[in-house]
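First to last, the sequence lines map onto chains A and B. Mapping the first sequence onto the working numbering, position 39 (from 1) lands on 39, and the numbers just tick up by one. Mapping the second sequence onto the working numbering, position 84 (from 1) lands on 84, and the numbers just tick up by one.
To be clear, the hints were calculated from the coordinates, so they are not data collected in a lab. We put the CB at the ideal spot given by N, CA and C, even for glycine. Treat the hints with caution; some may be incorrect.
[Stated by the list, open to error] Selected chain A positions facing chain B (Cβ under 10 angstroms, derived; list incomplete): (1) Q60; (2) T154; (3) V198; (4) I215; (5) Q323; (6) V347; (7) A352; (8) G356.
[As the list claims (entries may be wrong)] These stretches of chain A come out as covered by chain B in the derived footprint (C-beta under 8 angstroms, 3 or more residues): (9) 171 to 182; (10) 220 to 228.
Protein chains: 2
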Amino acid sequence: MSLAALLEALPIPIVQAPMVGASFDALALAVSAAGGLGTLAIATLGPGEIGPAIAGLKAQTDAPFAVNLLMAPKVAPEAAEVDRALARLAPWYAGLGAPLPAAPNLFAQDFDAQLAAVIAAAPAVASFSFGVLTAAQAAALRTAGTCVVGTATTVAEARAWAAVGADGICAQGFEAGGHRGHFLAEVEASLVGTMALVATLRAAVDLPVIAAGGIMDGRGVAAALALGAAAVQMGTAFLLADEAVTSKPWRRAIATAGYEPTRLTRAFTGRHARGIENRFMREMKGVEDEVPAYPVQNRLTQPLRAASAQADEPETISLWAGQAVGLARPGAAGDMVRRWWAQAGEVAAELAARTGRGSDR
Amino acid sequence: MSLAALLEALPIPIVQAPMVGASFDALALAVSAAGGLGTLAIATLGPGEIGPAIAGLKAQTDAPFAVNLLMAPKVAPEAAEVDRALARLAPWYAGLGAPLPAAPNLFAQDFDAQLAAVIAAAPAVASFSFGVLTAAQAAALRTAGTCVVGTATTVAEARAWAAVGADGICAQGFEAGGHRGHFLAEVEASLVGTMALVATLRAAVDLPVIAAGGIMDGRGVAAALALGAAAVQMGTAFLLADEAVTSKPWRRAIATAGYEPTRLTRAFTGRHARGIENRFMREMKGVEDEVPAYPVQNRLTQPLRAASAQADEPETISLWAGQAVGLARPGAAGDMVRRWWAQAGEVAAELAARTGRGSDR
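Just chain A, same shape as in the assembly (with noise of 0.2 angstroms):
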């Protein structure tokens, strides 16, 4: 089935964004199974469990899923840089009262392994982020049966897609949270609000858009919707979620964080992304340009999160999430995706008997 028809094939066009460690099967399940699309977020998972992890899903649900990877470059970086990247955490993970890592071996999961396993278990739609397949990898996808969706943070970006045959754009707005997945351009020039990047998008390339960024309740679904995206891609508006894995602290974090605007940070990950500000962002703020680049400090930094996690410690933690956080509401997510559905629904008869009075001049 084509990507087009699958969404407007959906009850509801509203898709879960993966979120590594805040999102799992639980929470894609409640989302398909309102009438979303669900995703899994399959990055951190090696090549043998992507098979199981997805049968498993399916075994579920007859519903579609998504699932979601990282395109993590092959690294090896130099035993110097990561004795100084590790050096520079040490006083953090001492505070924590948590032993500093020895040098790991592996920085990520092998791509190329991660993706055959994909192909392999042919998911209803597979999202890649951080760069771009190759044609032949996006051809050996969509002959398994598996839609291919590439996020794009400019039309640039959202233009290599579709040169490799893509099937649709998730098109990530400057609001998003989490990672920024900008792979053609450095991060400044790869920062384009929801509402520009949407719009263009559609102008400038044939494709389904799915609209990520600042989407929040059912009046920002018939938002994007109006501009033209063929369904949306909320995150952090599932983080509150009873069916979401969202850490203790970070969980209480989303729940406070009240209007002040979240920030882009490179510390945690050595790539940019978006949270809000704590502790570390803020003293690390002036060397994070020197970290390694991802996947290499997102590897160093992974025991201290799961230990401040463990802490109940918001701090140390990554609190990842997009410029529209005050609006996160806890409840069950099926609960939340059928309301914000019926909400688009109202907003679009609202607006319908506004512009009416326009048509009619």
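Following the hints, put chain B in place on chain A, whose structure we already have.
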């Protein structure tokens, strides 16, 4: 009349954004005549010119219109700082064969005197950027029958405007072209995408919101209204209008910008503003944080930009534009306004039909 009532009574809830150097009375008149709300950008007018300008527009239309002032701080820079800044600009002036100006005595119009002139002239709406009025100033405008609109880039700024008694908020999203209106926090903490900004302002502040940033056509209008905006403000979308006084090189840059991202720069005016990147922006990037703060640098580059416009040279003029500039089209402003509104109506009807499918579940 309250701002809410005024916007509600507008045949078309589209506000033409103030654009110093690109918009003046012809554009404002055309937009108000078409049923929208034109804005006279009077920031560069002397106090004695403001009354006649507003009276002149009132004589030509019974429709309401707005005026906009920029709240430039009073400055008295040291001579050495001005000399350093001029020395840095000297090669740019020389490149155009234009004389390096002498150090000016006046860097911006006196805001208090401008405000007094606006109060005396009593336009229907006055909007303000770069700061927040005192409660007494806002009250004086309201007593004169003028609705007060404050520009906010964050929820905190909108709350500051609400606290002094503003009638409404212009929510300036990250996407917007030209100067950023932030005034409470530094620019990095004042960049919120339109989608997130409108959604959070609506929730946090009980005032009508005029959404700005990335809105280029009827889809954008429908999207912003779906988010809960009372009206939209569009600037870049008018830059190619017949009635705009956009300079020739600026107009050409807009028409050929395509979908390359715009950039924020401090180099032209000492205040961050968004535009199409050119040689001046690129080559000044390394020192842009060192140029004198607005309005000093703004004043020092004015003759350079005027000479550049005169010479039809796009590389040394500010090419302000929002992030969706690639969607700008030429035409008569009144036709644009009517076409966008008709399109918003079509989009709303489609959206109502689509979401209706979900409501039936």
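- If you check each hint against the structure, which ones fail? Checked against the structure, the only hint that fails is number 1, while the rest are satisfied.
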